[in-house]
Each structure stands twice: as structure tokens, then as C-alpha cells.
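Full structure from sequences and hints, please.
This is what each chain is made of:
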Amino acid sequence: KQEVTQIPAALSVPEGENLVLNCSFTDSAIYNLQWFRQDPGKGLTSLLLIQSSQREQTSGRLNASLDKSSGRSTLYIAASQPGDSATYLCAVRQENYGGSQGNLIFGKGTKLSVKP
Amino acid sequence: DGGITQSPKYLFRKEGQNVTLSCEQNLNHDAMYWYRQDPGQGLRLIYYSQIVNDFQKGDIAEGYSVSREKKESFPLTVTSAQKNPTAFYLCASTDPPGTYESFSGNTIYFGEGSWLTVV
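Protein chains in written order, with our numbering: chain A, 1313 to 1428; chain B, 167 to 285.
Careful, some of the hints might be misleading.
Unchecked claim - Calculated cross-link-like contacts (lysine to any residue; reagent style SDA-like; alpha-carbon spacing at most 25 Å): (1) A:Lys1420 to B:Leu282; (2) B:Lys223 to B:Pro251; (3) A:Lys1354 to B:Ser173; (4) A:Lys1354 to B:Thr245.
Stated by the list, open to error - Residues from chain A that keep clear of chain B, each with C-beta distances beyond 10 Å, as calculated: (5) Pro1326; (6) Ser1336; (7) Ser1381; (8) Ser1382; (9) Gly1383; (10) Gln1393; (11) Ala1398.
Simulated from the structure, these hints should not be mistaken for lab results. From the three backbone atoms N, C-alpha and C, an ideal C-beta is built for every residue, glycine too.
So this is what it looks like as C-alpha cells:
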């Protein structure tokens, strides 16, 4: 059974800092990995998607990396801003549907607070 | 614009009542999902559907039911058998792997969510 873990569960940083969020998964048979942002009381917004054959993806101040063999992904946020405050979730897409687990497995998220 | 629409945004259920949450997508996606999110918790899978007229139970399907009669619609019914239904419900959709050749394909899209409260 695939398990996705995100560390830390919460993170507070001053504005302007560069930071790294971590995501690890136990089964390397994934099709892709996606990072999301969730604001309080809202749905999830896709930030970056990395296919299993890729090593990283970049969008603006965000950079996501994937090391499939070690079961790890990181989300790097450069020059953090108060508007970056949200919960960040990662999800792996399995190559196969895993019964009651489905094929999309989510971590519990990292709650980020960027203080002015 | 393409996307997923969930309704209603807020819903109140009385004891013993069934309620239905709507999820509609115009992205032409085959796969659709329902998740439950409790405060401060991660997402838990209720039901998913890989294709029209087919669906499977997720980890917490008890007390819920779904249908998938049309590709664009995947309604979730919270039945009276669900003893603790107060939560935030999220619907998602995506295409099967390999649908697109570009690396931006197979993105998972979410609706804005529905809040269900028992009164």
C-alpha cells in the first residue's frame, strides 16, 4: 500500500526566506507527482506536475524535484511572501488502481505561514 | 472556461436525512473522485469512478453512495447511515495516464468544495 508523508506538518518563516517542503512515498511505481496549494476553506489548486521520467519542474518562484528511486520530492519556494501562506499537499499518481486506495494518494500537507 | 463545479457550497443536514452533493466537470475527463477532508486532516477517498457507469469504493465509503450515469457528472449522496457527516467534501477529475503526450497532461483538477453540517 502506497504511503505519502509530508514533513514538516507546519512551518513558519519570515518573509523573504527560501524554503523547502518535503514529500516522500513508499512505492516508486508512480506515474507522476503533483504539488497543490490549498487555502482555508477552498479546493486544491495545482502548482506543478512532474512526470516519472522528469527530474524537476519550475514555475515562477516554485521549483519541484523528483527522485523516483529514493521516493522523494521537494518543493522549493524562493523569496517567500505572505501570500504564499497556505497548506501545500503532494499527491502521487499510481501506475495502477489500488483497490480502496484508488490511484491518487495524497500526503497530509504542510501548513506554511510566511510572516511579514 | 473548463473546470469542475461543486454545489451547493454550504449544506445543512438534519438527522436521518439523505443529502446529495453535485459535481459537474466540462473537462471531458474519464476519472472522477470524491474526497472528505476533516479540519486539520488530509484527504480521504470516499468513491472513485474510472469511466461512465462504473465506480469503486474508497477507504471510507460506508454511509455514502454515488452514481456515474454521465461522463460529466458524479453526484455523491450522504445517507442517514453516515453517523458523522460534518466535513468538507472535495470532488476531483483527471484523465487516464497516457492520454496526453505533453508533460503537462494528466493534471488533477479539484472543485471548490462543499461544506456539510449536521444540524
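Now for the hints, and whether the structure bears them out:
no.	hint	verdict
1	A:Lys1420 to B:Leu282	holds, 21 Å
2	B:Lys223 to B:Pro251	holds, 17 Å
3	A:Lys1354 to B:Ser173	holds, 13 Å
4	A:Lys1354 to B:Thr245	holds, 24 Å
5	Pro1326	holds, 24 Å
6	Ser1336	holds, 14 Å
7	Ser1381	holds, 19 Å
8	Ser1382	holds, 21 Å
9	Gly1383	holds, 18 Å
10	Gln1393	holds, 23 Å
11	Ala1398	holds, 14 Å
In summary, the structure agrees with every hint in the numbered list given earlier.
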